[in-house]
Structure formats: C-alpha cells, structure tokens
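S.K.: Below, each chain spelled out in residue letters.
Number of protein chains: 2
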Amino acid sequence: MSTKKEKGMNNQAMEPLAIGIDIGGTGTKYGIVDKVGNLLFSGEMSTKKHLTVEPFIDELYLCLAPFIEQAGGVGRIKGIGIGAHNGNYYKNTIEHAANLPWKGIIPFGKMIEDKFKLPVVLTNDANAAAIGEMMYGAAQDMHDFIMITLGTGVGSGIVANGKLIYGHDGFAGELGHTIIIPDGRYHEGTGKHGSLESYASATGVRLNALEFLEKSDKPSLLRKIPKEKIDSKQVHDAAIEGDELAKEIFDYTGKILGMALANFVMFSNPEAIVLFGGLTKAGDYILKPTRDYMEANLIQVFQNKVKILVSHLKESDAAILGASALVWEMK
Amino acid sequence: MSTKKEKGMNNQAMEPLAIGIDIGGTGTKYGIVDKVGNLLFSGEMSTKKHLTVEPFIDELYLCLAPFIEQAGGVGRIKGIGIGAHNGNYYKNTIEHAANLPWKGIIPFGKMIEDKFKLPVVLTNDANAAAIGEMMYGAAQDMHDFIMITLGTGVGSGIVANGKLIYGHDGFAGELGHTIIIPDGRYHEGTGKHGSLESYASATGVRLNALEFLEKSDKPSLLRKIPKEKIDSKQVHDAAIEGDELAKEIFDYTGKILGMALANFVMFSNPEAIVLFGGLTKAGDYILKPTRDYMEANLIQVFQNKVKILVSHLKESDAAILGASALVWEMK
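Line order of the protein sequences matches chains A and B.
With our numbering as the guide, the letters of the first sequence map in order to residues 80 to 410.
With our numbering as the guide, the letters of the second sequence map in order to residues 80 to 410.
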C-alpha cells in the first residue's frame, strides 16, 4: 500500500467505503472504492477453477480480508455490491448463469453476507455497469439512458426516471436476447433464434465473418487466417488495413445493432446509449453504421436526438466501480 | 343530470374532480371524473371537422362549460388531463400527429389552459390508457406493466418502478413502431419497414388477410367479400365459422405480436402486459398464438411468469378515465 493512499485515507477517515465485486465467467475482480470512485485496493482471482461456490467464497474472503483490514476494518465498509451474470436484485441470487460454473439458483448474496458480516446488494453485471456509468462515467447527471455491454455476449442496463429498471422479477434489461432477425441465427446458450447477441457480440462478429467469407469470393486478408482463429480483433485489424470484406462485416454488424438500438430508443426514449466492451474498440468501423442504421429505423420524433456514447471508464476498473456503486444506492 | 348523480356529488362535496379529454383522429371524448373513477358527465364531439385547432378548442369549451357548472364550478376541478396521439408530457404539445388534422407542433396544453383557466397535463393516448389501467383497471397495484393498445394503430404505455416512462424527450413507449420484420412491410405513415403496427393493428390484420388470400388457394369465406371491404372484424367472423384461412391469419398476427411482446418483456420484465382495443375482441383466436409465440421467444428466466391480460374497462369510458387519471398524478 502506498504512502499516498494512506494519507488520502487519513484525510477522509470518517467517510464510509464500499466493496465492489464483478464475477465474470473467467475471472472475478474485486476492490474497495470510496464515494467519489477512487479505487483504493483491487485484485483479481479465478472464477472458473472453483466448480462449487463455497470454496470460491472462501478464497474471495481470503483475498479481500487484508484489504479490509488496511482500509480501517469492517466497520469502515458500508456494504458489498456484486455484479454477476443473471444476478437477481430482489432475491440476491444468481440464477441459471450460463457462463458461470455454478448451476441452478444460488443464494449468493446471503452466502457472502454470512461470510463477510456485511450487507450485500447484487444485480446483473450490465446493471452494475449502468450504475457505474451514472455515478462516475459517461451518463453522469442523466435520468434516462441505456447501457449496452458488447463483449463475448451482449448485456444491458436500463435507467428511466433516474432509476435502474429491475422489473417485476428482477431480470429486466436482457436486451442481448431480444429477437432482431426472426428465425435467424441459432444461439447455443439459449436455444433461441435471431437474438441481438447472436450477431452483435464478439462471438457474433466472428460468426458474421465466417458467413461473409463463405458467401462471398471477395479477396480478404481474413482468408489467410485459419477459420478457428478468426475473431473480432482480427476483423478490426483487417479493416484498418483497408480490407473491404472486413468493413462489410462491421457494416452488417452495425446494421443489426443499429436496428436493435432504434427499437430500444422507441421503448424508453433515452438521452443516450452508452456502449462498453471489447467491440467498441473497432471505433467508427462499427459505430458509424450503428448510428446510421439506428437513425434510419427511428420515426421522426426520435431522429437526431439520441447520443451514442462510448464508455470512457477503464475496462478493468469499471466493473468494480459499477458493483461498488450499488452500495451507495442501498437503503 | 340524474338525481342519483346529484346526491353522489353532495355526499362528496369537498372532493376535487378532474376533467379527462381523449382526442382521437375521428372524435374527441370528454368527461368529468371523481377520484375513484366515476364518470359523472361525459360527451363526444368531432375532431376531424375542425381543420384548425382554435375552433376545435372553442367548441370543446362550449361542450364542457355546462358540465363544469353542474359539477360545482371551476373551483371544484383540480385540472384537465388530455390524451392525444404524439402528445408530449414535458412540453404540453401535440407534435406531428399523423392522425389529427392539425399539423406541426401545437402548444395544445397551453391553449387549453388559457381557455379553461385550469392546469393541464397532456400525454399520448396510450400513456393515458396505462395510467387509467393502473388506477381503475387490470393493472391496479402493479408497479411494472406494459399497456398495448391494438386499434387502427398500435400504441403503448410503459410503467416501471411504479411510474410511467416518459423518457428524455417525452416520447417513450412507441412500441408500435419497433421493427419486428427487418425490411418487412412498408408503413405509409412513417415510411419505415417491418414495424409491429404494420402487422398487428386492425390495419395490419386486413393486410395480413389480403396477403394470405393471394398467397394461398385454400377455400375461405373471406373470398366472398370484396377485397376493399375485408377488415379484422370479418376475419374474426370467419374464424368463428371455422374458417381455416382466417385462423391462419390470426396465428400469423399472433406470431408477430408474440415475438414483439417477448422483446418487450426482455426489456422491462413486466408483471403483466395489458392489451386493449378492437383487436382483442378476436379473443383466443389472437390471444392464444400471441401467448404461445411470446413464450417461445423468451429466455428461461422469463418463461411462464408474465400475464397477458385484456383490459376490462369499457372502451368508450377508458380513454376519458385514463386522461382524467393524469390529473391525480399532477404535482
């Protein structure tokens, strides 16, 4: 721990802190955050090596305990915020999360509460990210916006009237699973056809690329890469080199994403849509067609009003910040 | 005015009343409503015969003035609630309403306020209907539901966290214009392709019927009706007679509506979807396929949870009740 950090902490000795935990399919990030979004301590551990949840929680506790001590002890911590795929805000559970090793309905919040002796708030990872953007990121001072995370999958968090929409059962904001192409591409995780996630995630861009390579006989840098190795980063690299097919792949992805965003705008009329995650690194190759096709599908009253923003939070910190931000919303 | 009504009014002499006005493309309904939803006075006048808005407001005032007098004078009225196509809640305007004779952006709320000397709240007709359902109808005590009006067009009002979603610009809930079939049927009013309204409105069912009659050579009672006279009621009548093609037309309509409802569920995870309007009269011919296709497109966490309800408010009163209910929500 640096002297600088110690000093900072002494200056605000009475201020409460929050723990943020982001549980991903591969790794789990955790940290201790102050109210203005400074990440005082942080670390990462493996999620997938724990096939059952109890040893996972034991290891998480061992990782966090010394940080809690250094931060001034458990009395200094207001609570623990957790973001996890299929996390349920009302029940503090993780339910049927396809990307986690633990199956069924897990009373995760209660288990963490018992272990850490701290109040816990839990929601899905994209909802946590939305709260993070509202407190520290691109959506500050916004009352109506939609957060879309474009990673391996597509997640979302929706804020309306200044509040996150959790819905009646706590699962609102599964926009990645909305159907955009009826009877379209099969999604292995859900068994459904034509969902946004099947086309506009990193996985989707890879599948779009394979389809374009097969359908067209246009020359392309991508043809030099073994099929099993093609991913969205390589499509981006090819586009930078001027590869026409790579640009067409992003245009197609942006067409589907833009159409979906138009539908979301006509639902909740947000001030902005904040995009986050790996796919946004492709910049205007993906953003320009997305904007164009969104506008093309909007009816007049919505046209040229809704901003598409890219999150400027550091990807490694954003998930922890978002999860910790849930704590400040606790009653 | 009946003695019964006078008595009722004397008993609650101190209770404020609200005026509700529903402005439709053809007619305008108005009435005076008490806080528990009793329609004390009501009437209807033509909308479309007034090509400009000023004489329309003059006539509306002449219609309502004697009712206001009988209700105890203007001091007894808390305010006026108005539902109108493309009504904007924040600006009290009606903007570019395709089905009204008045073009452009009309400061309708302000004009009514000046004429009646009463505070005015204005929103789109489907939002007003949603508030009406929440106060007096199928959505009582619900905090998260979606109202869908299936009439000549498709309108919607969305309630989340117990509040209507107006969105950043006041136009949220245009679900009839969400794209369900990419590059699908052209919509004359908007110039867009494949919107829900193009398929699942009364107009849409008529077009579905014409398409089915042309594509198939199945015998059908509908073939005896001149094409220009086929409407959703006749498709319903034929279905009741056991007409297979008519049932297929409703199945197709329900497939598209069900897919759209699944998308809306994955957005805001409502407790129920309340359907209202002419198309619901087709009962299970439309409701059963709608439910089935909705469930088929939902991911696991939403399945078998969301109720599809049909509004039980009397259609002629519901619009006035909904508009008047806005007044009780006024600050």
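Bear in mind the hints are in silico, worked out from the structure with no lab data behind them.
Since we're looking at a predicted model, the values are computed, not measured.
Errors might be hidden in some of the hints.
No copy labels: a pair is met if it fits in one copy or bridges any two.
Stated by the list, open to error - Cut-off 25 Å, straight-line C-alpha distance, at most; resulting in silico cross-link-like pairs (DSS-like, lysine-lysine): (1) LYS157 to LYS303; (2) LYS242 to LYS306; (3) LYS127 to LYS242; (4) LYS294 to LYS128; (5) LYS410 to LYS242; (6) LYS326 to LYS242; (7) LYS157 to LYS189; (8) LYS114 to LYS127; (9) LYS312 to LYS182; (10) LYS384 to LYS182; (11) LYS242 to LYS170; (12) LYS170 to LYS384; (13) LYS308 to LYS170.
S.K.: Now tell me, hint by hint, if it's right for this structure.
M.R.: Do the hints match the structure? See the list:
1. For the identical chains of this complex, LYS157 and LYS303 are neighbours neither inside a copy (54 Å) nor across copies (73 Å), given an alpha-carbon limit of 25 Å.
2. Proximity of LYS242 and LYS306 under a CA criterion of 25 Å is satisfied in neither setting, with 44 Å inside one chain copy and 50 Å between copies.
3. Proximity of LYS127 to LYS242 under the C-alpha cut-off of 25 Å is found in neither arrangement, the shortest distances being 33 Å within a copy and 40 Å between copies.
4. Taking CA atoms no more than 25 Å apart as the test, LYS294 paired with LYS128 passes in neither setting, with 40 Å inside one copy and 57 Å between copies.
5. Taking the shortest alpha-carbon separations for LYS410 and LYS242, both the intra-copy value of 14 Å and the inter-copy value of 19 Å come in at or below 25 Å.
6. Taking the shortest alpha-carbon separations for LYS326 and LYS242, neither the intra-copy value of 37 Å nor the inter-copy value of 43 Å comes in at or below 25 Å.
7. Taking identical chains as interchangeable, the C-alpha atoms of LYS157 and LYS189 lie at most 25 Å apart only when both belong to the same chain, with a minimum of 16 Å there against 48 Å between chains.
8. Taking the shortest alpha-carbon separations for LYS114 and LYS127, neither the intra-copy value of 31 Å nor the inter-copy value of 57 Å comes in at or below 25 Å.
9. For the homomeric pair LYS312 and LYS182, neither the shortest alpha-carbon distance inside one copy (31 Å) nor that between copies (49 Å) is at most 25 Å.
10. Within a single copy, LYS384 and LYS182 get their C-alpha atoms only as close as 43 Å, which misses the 25 Å cut-off; across copies the closest is 21 Å, which meets it.
11. In this assembly of identical chains, the alpha carbons of LYS242 and LYS170 lie at most 25 Å apart whether taken from the same copy (18 Å) or from different copies (22 Å).
12. Proximity of LYS170 to LYS384 under the C-alpha cut-off of 25 Å is restricted to the inter-copy arrangement: shortest distance 16 Å between copies versus 37 Å within a copy.
13. Taking the shortest alpha-carbon separations for LYS308 and LYS170, neither the intra-copy value of 40 Å nor the inter-copy value of 53 Å comes in at or below 25 Å.
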